[in-house]
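Since the structure of chain A is already known, use the hints to place chain B with the ligands on it.
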Amino acid sequence: MIEAFFNIEIMKAAWPIVLTGLWNTILLSLIVVPLGLFGGLILALLASIRHPLVRWPLMAWVDFFRAFPPLVLLVLLFAGLPFAGLELDGFACVAIAFFLNTGSYYGEIFRAGIDSVPGGQVEAARSTGLSRMQAMRYVVLPQAVRNVMPDLLSNTLEVVKLTSLGSVVAVPELLYEARQAQSITYNPTPIVMAAVIYFLLLWPLVRLLSRLENRALAGRR
Amino acid sequence: MTSHIVDARAIHKHFGTLHVLKGVDLKVNERELVFVIGPSGSGKSTLLRCLNRLEEPSSGSIVVDGIDMLDPKTDINHARRRIGMVFQSFNLYPHMTALGNVTLALRKVAGKGRAEAEALGRAALERVGLAERADHTPGQLSGGQQQRVAIARSIALEPRVMLFDEPTSALDPELVGSVLEVMRGLRESGMTMIVVSHEMGFARNAADRVVFMDDGLIVEQGPPAAIFETPSHERTRAFIGQIQRH
Ligand SMILES: Nc1ncnc2c1ncn2[C@@H]1O[C@H](COP(=O)(O)OP(=O)(O)OP(=O)(O)O)[C@@H](O)[C@H]1O
Ligand SMILES: [Mg+2]
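Residue numbers (the working numbering), protein chains in the order written: chain A, 1 to 221; chain B, 1 to 246.
Each hint should be verified, as a subset may be incorrect.
[Claimed, not checked] Some chain A residues flagged as far from chain B (calculated, every beta-carbon gap over 12 Å):
| # | residue |
| --- | --- |
| 1 | 13 |
| 2 | 45 |
| 3 | 58 |
| 4 | 79 |
| 5 | 80 |
| 6 | 206 |
| 7 | 216 |
[Unchecked claim] So the derived label-pair ranges between C-beta atoms look like this:
| # | chain 1 | residue 1 | chain 2 | residue 2 | range |
| --- | --- | --- | --- | --- | --- |
| 8 | A | 71 | B | 72 | 44 to 52 Å |
| 9 | B | 22 | A | 54 | 31 to 39 Å |
| 10 | A | 83 | B | 58 | 53 to 61 Å |
| 11 | A | 54 | B | 10 | 28 to 36 Å |
| 12 | B | 66 | A | 216 | 48 to 56 Å |
By construction, these hints were calculated from the structure, which means they are not laboratory data.
Where a beta carbon is used, it is the ideal one built from N, C-alpha and C, also for glycine.
Only chain A is shown next, with the shape it has when bound in the complex (with noise of 0.2 Å):
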């Protein structure tokens, strides 16, 4: 048992490729993260518009990306771009793919923190003279992202736990390269490797949700 899941002497060859999967997770982690959560607060502030022309096709395309398994939108993109005559790599793909999905999801979450600030917040800024932007800006998305801080972060675990669907498109993240590790050496090692750093590199931050649910149920007693 030890030998095929700990090996010692495969864990050190696995090493280096299994070190530049993490670097490849984090890097994927941090290309992707900003840009959903730039996606979802361009797609909550367009919902704070209420127009009918804007809202139903917002609507749409929220509803639709994220009722899409991410995996499917993610091979498609992969594999069906190439015949629109767009040539991308796995990487980019990727970063596309989680755009569009993890975009709506954290949109979804931006929108429920706008709709959890008060109405009189924005009168008292806009009897001020404050712009809607400027009332958006300065007093609605402080304590919007306040309130909904640890579903964020939630939704940034899920993300970041996805980045293992890169595999599939041959981006070279941790599950990627451990398994390449793994065909190598005909051992499981490499994986048990990865799934210990996998649960290290986000253990801190389910410690921290936790830490923000806490005091979130405190301040509601």
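Showing chain B with the ligands alone in chain A's frame:
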């Protein structure tokens, strides 16, 4: 041109099929304190909110300090700086300190630098007796203190008119006095004020004129003594009687 600082004419407001304001005329002189009373749902808040166009009137004309509030060419954000508004629920920004609340519009609307905005903001807090609380957040202040910060937030912009919508209704009785005192101070400094409130005692000794509204119309108006002692309309009499029994 008009000699009134507030000149609202024939204001109508519909909410869908609901006809809430049915042709209200309200003229207010400079330095005047006009007190607006009336039953719940009579349209008092809606009228105030039309004056600074938080609510879009369905028809009518509103001129404040010479600015046509309903002209699409009017820079409404600029115009609103000159009209302070104080809300029943304070509506302070909870994520900012008292000073932050007061300086936000000074900086972002009036375009003051940080140092100047903070000096003006502290002066405004001083006027409402809360200089020491500049760094407290709204959550750390009592209701009365919060409402005074809200007043400071308005007066820091040096408005020409102040609108108060039931400024003391959400306060515990023992905190009402401190807010009324600040309002009295404002009045003595010559501020033009339109106040919707049930504080009849304050109306009696501070108001120049009391306006009674019912069902979307101004039923009658006059000096406090006349409206409270010898109202000429049955509806006014009924309303005053009701209030005074409480
Ligand atoms: N945004 C709105 N949409 C629909 N109806 C509204 C809206 N705002 C106010 N109303 C209605 O307009 C009427 C007048 O409301 P308004 O708040 O002006 O009354 P008020 O005199 O201030 O009453 P109160 O003393 O209870 O504050 C009420 O029937 C109210 O339900
Ligand atoms: Mg009201």
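Structure-based check of all given hints:
Residue-level check passed: residue 13 of chain A sits 52 Å from the nearest beta carbon of chain B, beyond 12 Å. In this structure residue 45 of chain A is separated from chain B by more than 12 Å, as the shortest Cβ-Cβ distance comes to about 18 Å. Against the 12 Å criterion, residue 58 of chain A stays outside the reach of chain B, whose nearest CB is about 24 Å from its own CB. The Cβ of residue 79 of chain A sits about 47 Å from the closest Cβ of chain B, beyond the 12 Å cut-off, so the non-interface label holds.
Residue-level check passed: residue 80 of chain A sits 45 Å from the nearest beta carbon of chain B, beyond 12 Å. Non-interface status of residue 206 of chain A relative to chain B is upheld: no Cβ of that chain comes within 12 Å, the nearest being about 26 Å off. No Cβ of chain B comes within 12 Å of the Cβ of residue 216 of chain A; the nearest lies about 15 Å off, and the non-interface call holds. A C-beta distance of roughly 51 Å is found between residue 71 of chain A and residue 72 of chain B, which places it inside the suggested range of 44 to 52 Å.
The hinted range of 31 to 39 Å is satisfied by residue 22 of chain B and residue 54 of chain A, whose Cβ atoms lie roughly 34 Å apart. Taking the beta carbon of each, residue 83 of chain A and residue 58 of chain B are about 56 Å apart, inside 53 to 61 Å as hinted. Taking the beta carbon of each, residue 54 of chain A and residue 10 of chain B are about 34 Å apart, inside 28 to 36 Å as hinted. Between residue 66 of chain B and residue 216 of chain A the beta carbons are some 49 Å apart, a value that agrees with the proposed interval 48 to 56 Å.
Comparing the model with each earlier hint shows no violations; every hint is respected.
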